[in-house]
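Which chain is which? The protein sequence lines are A and B, in order.
My numbering puts the first residue of the first sequence at 92, with every later residue one more than the last.
My numbering puts the first residue of the second sequence at 26, with every later residue one more than the last.
One thing to keep in mind: the hints can contain errors.
[Said to hold, decoys possible] Straight-line distance between alpha carbons at most 20 Å, and here's what the computed EDC-like set of lysine to aspartate or glutamate pairs gives: (1) A/305 x A/334; (2) A/420 x A/386; (3) B/268 x A/327; (4) A/305 x A/324; (5) A/185 x A/327; (6) A/265 x A/197; (7) A/305 x A/325; (8) A/152 x A/190; (9) B/268 x A/334; (10) B/253 x B/292; (11) A/420 x A/446; (12) B/268 x A/324; (13) B/253 x B/224; (14) B/268 x A/329; (15) A/265 x A/296; (16) A/323 x A/460; (17) A/420 x A/430; (18) B/268 x A/332; (19) B/268 x A/197; (20) B/268 x A/310; (21) A/93 x A/222; (22) B/268 x A/446; (23) A/372 x A/332; (24) A/272 x A/101; (25) B/268 x A/348; (26) A/93 x A/205; (27) B/268 x A/328; (28) B/268 x A/325; (29) B/268 x A/224; (30) A/173 x A/328; (31) A/272 x A/205; (32) B/268 x A/398.
To be clear, the hints were calculated from the coordinates, so they are not data collected in a lab.
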Amino acid sequence: MKLHEYQAKELLARYGAPTPRSGGVASTPEEVEAAVEALGGRGVLKAQVHTGGRGKAGGIKVAESPAQARELAQSMLGMLLKTHQSPQGERVLKLLVEEPIQIVQEYYIGIVPDRARQCNVIIASAMGGMDIETVAEEHPEAVVHVAVDPAVGLRDFHARMAVYGAGIPAEHAKAAAAFVKTLYAAYDACDANMAEINPLAVTSDGRLVAADAKMVIDDNALYRHADMEAWKEESEEDPIEAEAHRRGIQYVRLGGDIGVIGNGAGLVMSTLDEVARAGGKAANFLDIGGGARAETVRNSLEVVLLDPNVRGVLFNIFGGITRGDEVAKGILEATSAMDIRVPMVVRLAGTRAAEGRALLEGSPLTPAETMQEAAARVVELAYA
Amino acid sequence: MSILVNRSTRLLVQGITGREGSFHTGQMVAYGTQVVAGVVPGRGGQATADGVPIFDSVAQAVAATGANASVIFVPAPLAADAALEAQASGIEVVVAITEGIPARDMPAVIRQCRAGGTYLIGPNCPGLITPGACKIGIMPGDIFAEGPVGMVSRSGTLTYEIVDHLTRAGIGQSTCVGIGGDPMIGTTFADLLPLYEADPQTEVVVLVGEIGGSDEETAAAMVGQFSKPVVAFIGGRTAPPGKRMGHAGAIISCKTGTAQAKVAAFEAAGVPVAATPQEIPGLVAEALRRA
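The shape of chain A in the complex, shown without the other chains (with noise of 0.2 Å):
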């Protein structure tokens, strides 16, 4: 689950790290003024969206004044803001207000898993204020990683060797470990799988401050945290993935106009090849898991036609313990309680998938023997 700036900023505060003074999070131009009158009369405005350089896309304004603050929360609130990470755009829901910081140098400082070494990794740059895969490229020397044994924890000599290592200078080195060791603290309290300060700011009277954070929380922890079950649903970077994880269905919305839905993770990833191969562009990822019944199947297809631009859907089955019978079963029931104008095309495999067949016949879906001849055979009648 990403977070927001101002979560994972409220966390981060929770564990003791100096963020700016915020005036809260509001949703709408009143609250804003509002915000900005209580942080006396001027403040930053901060488009809440899962991604970077906002600044450049217009997502980031300074009001001089809770009038127009007003102004420019009339105009960003709703807007959808494009930027170089997400060209397709995030809508603007939430903006985050805090006192304006005058900055006169930008670090950086992340932690992330090294899946290969099980450890964690502490990444530490002088040059912050940019993406550290753009800094890591361009001027590797500039950054440094620190692994981390989870069994050990994060020792003060960790800290020192990120910030010394990054080549903070020493008046700003022991406030900038201070951070690393808070950063550190609340990634591993909160399940994170991924946190980091960037800019980590020097403002013109010498503090140091988090002017932005973000937190990547392990989906499979959030069971542990009770508290950030109300973030869930801003997690959503999409209403169609939004409302397919209220239902319980694994889809990620990819954007093309061929629907894919298969059972587990590396078939349907693998048909999502095919359907490039065949030169078709999948609309979605969609794992129905195993042992799917009639309901899960109908769940899915609902989902998959939420999306308007779906020309077609592919359905590739391979029974293992799923029995191609029952699968066909609920694609029927499914099918024929729904409006459906687009072709399907279905694909059965493994256990009783002659039998699942055998029920598909004299239905409108068409019928495919390989994961290939289905994946051809969807975009052709997708695109006819």
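Following the hints, complete the assembly by docking chain B onto the known chain A.
The following block gives chain B in isolation, referenced to the frame of chain A:
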């Protein structure tokens, strides 16, 4: 011959009375796997419908039955503990089927198993099978056949798809291992290649990877050390970056973990990479002719 599991493997099931555990125990028994014990704390002294005795702890089960492999069906919040218990009780092969274990719980389990010489398979995996001898996990047994192909895969249903193509083409398998779809897993491609190299039955290894992480690249860098040919497949060639594609481990982040990089690594190592699962039997047949 085979790797990791065979006819003499004595399996215990952790979480044998749960819905998944009890169903798949029946399936494994029907396949011919020696299921010697189940473990459910608090239910020691009882037995399952299949007649498998239940114990309160893995240590008790091992002492009473000589179990040397374990399969874990317990819910995610309890699964890391179950794996550590199996390792501490002397189990040699621990297979964690459970999906959804928090990533933070895994480093200690993986390191403990490695330090103790225990093979941890998974988590979030379909298990492993030596066709005709021993099935540990949830895969449909009837699509597998005995033969010369060692297979190792991050995905369940994709494994079935490929095995089905192989078996229909008359090519059987030595041992197929589903290593799991999570970012941190106990046993990687690189851990299994030496086992296949040492197994007289295995003549060709099929390696099925997907986007995310760098385990495929690590394996590609190793294949030159081995005499047996490898054929690879990578799922997710068209997946966008930053999106979790079902498996927690299948995510392209910071430009690492792309299918393109993995394909390039294999090709640089002289490993043929199938463009589609259907091509795999042909590539394997060719490798068998050369082997």
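Which hint numbers does the structure go against, in order from smallest to largest? Hints 1, 16, 19, 22 not satisfied by this model.
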